[in-house]
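Participant: In order, the protein sequence lines correspond to chains P and L.
Take 1 as the starting number for the first sequence in this note's numbering and just add one per residue.
Take 1 as the starting number for the second sequence in this note's numbering and just add one per residue.
It is possible that part of the hints are untrue.
Unchecked claim - Think about it this way: if two alpha-carbon atoms lie no more than 25 Å apart in a straight line, the pair counts; the simulated SDA-like pairs of lysine to any residue are:
1. Lys331(L) x Thr391(P)
2. Lys105(L) x Pro346(P)
3. Lys105(L) x Thr391(P)
4. Lys75(P) x Asp103(P)
Said to hold, decoys possible - Over 12 Å on every C-beta distance to chain P, these chain L residues come out as not near it, computed from the model:
5. Gly68
6. Lys72
7. Arg100
8. Gly122
9. Ser341
10. Arg368
These aren't lab readings, by the way, just hints derived from the structure by calculation.
Here the structure is a predicted model, which means the values were calculated and not measured.
Where is the CB? At the ideal position from N, CA and C, for every residue including glycine.
The primary structure of each chain is shown beneath.
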Amino acid sequence: MKKYIYALVFVFLFACSIIGQEKAIAFINARIIPIVGEPIEQGVLIVQNGKIIAVGDARTVRLMANLETIDMQGKIIMPGLIDSHSHIGEGSGADGSSPIQPDVRLLDSLNVRAASLQRAQAGGITTVNVMPGSGHLDSGQTLYIKLRDGAVKVDDLLIYDKAGNYMGGIKFANGTNSIRPGGGNFPGTRSKSAALVREQFIKAQEYKAKIVKAGDDKTKMPARDLAMEALVEVLDRKRVVHFHTHRHDDILTVLRLQKEFGFRVVLHHVSEGWKVAEEIAAAKVPASIIMIDSPGGKLETVDLNYANGAILDKAGVLVGFHTDDYITDSRLFLRSAGLAVRAGMPRDKALFAMTMAGATMLDLQDRIGSLETGKDADFIILSGDPLSVYTHVLQTWVDGKKVFDRANPSDYLIATGGYGVGADKYIHIDCFDDDLFGGQK
Amino acid sequence: MKAVASGQLSVVSHFLRLYASRLFVLAGIFSLTAIGAFAQVIDTSKLVFGEPYFRVAIKGETIWTMAGDNIKNGVVLIGAGGKIEAVGTAEQVKIPANYRVITAKVVTPGLIDAHSVIGLNGYLNQPNDQMALDTSSSIQPELRAIDSYNAEEFLIGWVRQFGVTTVHTGHQPSALVSGQTMIAKTFGQTVDEATIVPTAMIAVTLGESGIAPGGKAPGTRAKQIAMLRNELIKAGNYKGEPRDLKSEMWKKVLDREIPLLVTAQRSMDIINAIRLAKEFNIKIVLDGVAEAHMVLNEIKQSGFPVIIHPTMARAGGETENMSMETAAKLKQAGILFALQSGYEGYVPKTRIVLFEAALAAANGLATRDALASITIDAAKILGLDNRIGSLEKGKDGDIAMYDGDPFEYTTHCTGTIIDGRVVSETIR
């Protein structure tokens, strides 16, 4: 009997794997919000081998033969949500030994089986910038991940650039979180915070100068220094600085540092961004903001403003949203757009902020963030208007594979909560679990 | 379920004496808090000075009275005493000439936050404005909430702008017995002006949150219950002399004058609370109850009402098994419940019950039941349903106004009225 079941399972999985790899899937009769371009009332989305191969109006998109079609019955398809600042996956970064630790990588700490990753899938999030905390001036290197299913190691979630390197930024913070009066070598004031950061970047400039001077002569290269290597990547504008900053003066300090050292930066939280919107716009620096129900909770957030997104957007700043999960729940990420629109942000800009803006902040604007031919098949299916409280994420797809389905009882439980949901992840045995079959990708 | 805490509690009249100078101070506070794209400061010129109370007529396209069916194109009249004079259709209720007329798309009773810590814990979250927990002892029923309540704290004004008119607030759920709770309107410059019930309940916390730090008692669940049983047994022998503030409060609990507000997240803690209540024949209100969905029958049989955790509470620690559908399941089981903003240690410093009810409505609870959980059902649990929670003749003139479905993210609260006074016209 057991053998018989095994055989059946094998046949099932084999069939699945053929479908997953070969057959294109067409989602028809959908209302598509592509983000780039106007919403399509009678839309078709076709995906194959993890990519979008066609998207458009039902009257113009040609359905090829040998195609699996799924009738969306008027439901909404939009790009997967991009969370540019999250702490899911129980990751860690710098320890208490010093305030600036550029050598530390979140990569080395992510728990791919954490329940929080599943909750993010249930919230329609497909790509995440997972960050270490804000208790340091620099708490280490961040990690850009895709919320693929069935991961057994962090490598299964990584995103690689054209050169074949996994992608991530670096986390910096200013203001009160990283100030620890009497905390050894940690700063006690804002001025000291800035001075310590400048000192490190000047060191990195010197380190870089030695590398440039050495040219092709390997014998003249400086000794390897992991911290300096990371900061040189920052100086070379290869690694984006994700800067935690709340108060208006702290935001301007970030802009001052950015100007001095020329790095690329994304402002995070930016609670008082609305007070210095023109300055942020002039610096051409994007802002990843968070929507919080009430001001306060710490001195730097007493002037939180629901209209932050609206005001920054109006000033011309590229605005994105983030969960800062565990501060807000990844399952409720879409709420950010709803509340921002409540306070005057245009609807299309709010949805752009949930998707393309985040993609741009992570240098992934050519691959994700919108529904366009050639982009990754990362998308979500919604029961209704993305800005409505009554709307549920019905399905989440990453690289053309379904990673969350509200119709599946165990996924439903993750979406709503209940007994056992807090427990960390089991491995799905489903169609797309490549790793159980020799890891072919 | 008979409502608790009514009758026996002394109810302080909170009607406000309103002076022009105070209004300007208020207008100043509002202008500070309302900077932004949608900022609107109270237009004091619209307010009638020299009258103790306002006469207001609220016209609504839809009026959720929460006492019977909704009224289409209705009117709520609030008279000079701050009480509702009439509720009905525009044909039934004629608006007298000297009434200020306010129009809204959707009108509901003023919202009731069934459990909060605002007024005691300020929004700065600094030691000098966090007054909801004293850690010197695990059992302090004598700590009165009114002695810490800052009626002008920022967060009170904040939730008022979303339609919240009444809060049940007090000592936070972080010690076995952290102190008393109170009920206040979200308006007034002093605690006496704001308070409607000075001592509402006594806050008890079971489970992991109620464990004392640093090796102090209680260190276990069993110790928690043993300590509470000892206190109640001791208080049973208390004769009133010499005076003892702790025993006086426990006596009121034993006499069923004051209920315990028992925060119990795990199912075993919920069961412990019910067992304790039965042993001493005391009134309790179950609070938090993240695992209520696992012991629905037991809660139902106990007859005790529930103030459930915020729908958006973080799932972790002893709330790891919480569900956004618990409110719907409580309703289905026929258990009286209300929603709460709860206690927050960090950001956001307070939640807004309107949003918590909205998400419950998105997760299986009917719209009417969700609204009831922050109006009439909350009033029942607080023992104030004779006075607030629905729009009926003779009740307090507490109103929230919206420009659409109150629960939608993109809808705004357009105004809030407390005892007939327009206390917020900020568009939120």
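Participant: A separate judgement is required for each hint: does it hold in the structure or not?
Facilitator: Quick rundown of the hints versus the structure:
1. Lys331(L) x Thr391(P): holds, 21 Å
2. Lys105(L) x Pro346(P): holds, 22 Å
3. Lys105(L) x Thr391(P): holds, 23 Å
4. Lys75(P) x Asp103(P): With Cα atoms ~46 Å apart, Lys75(P) and Asp103(P) exceed 25 Å; violated.
5. Gly68: Its Cβ never comes within 12 Å of chain P, the nearest being 25 Å, so this holds.
6. Lys72: At about 22 Å from chain P, Lys72(L) clears the 12 Å cut-off, so the statement holds.
7. Arg100: At roughly 27 Å from the nearest Cβ of chain P, Arg100(L) sits farther out than 12 Å, so the non-interface label holds.
8. Gly122: violated, 8 Å
9. Ser341: violated, 9 Å
10. Arg368: For Arg368(L), whose nearest Cβ neighbour in chain P is about 15 Å away, the distance exceeds 12 Å, so it holds.
Going through the hint list in order, the structure does not satisfy hints 4, 8 and 9.
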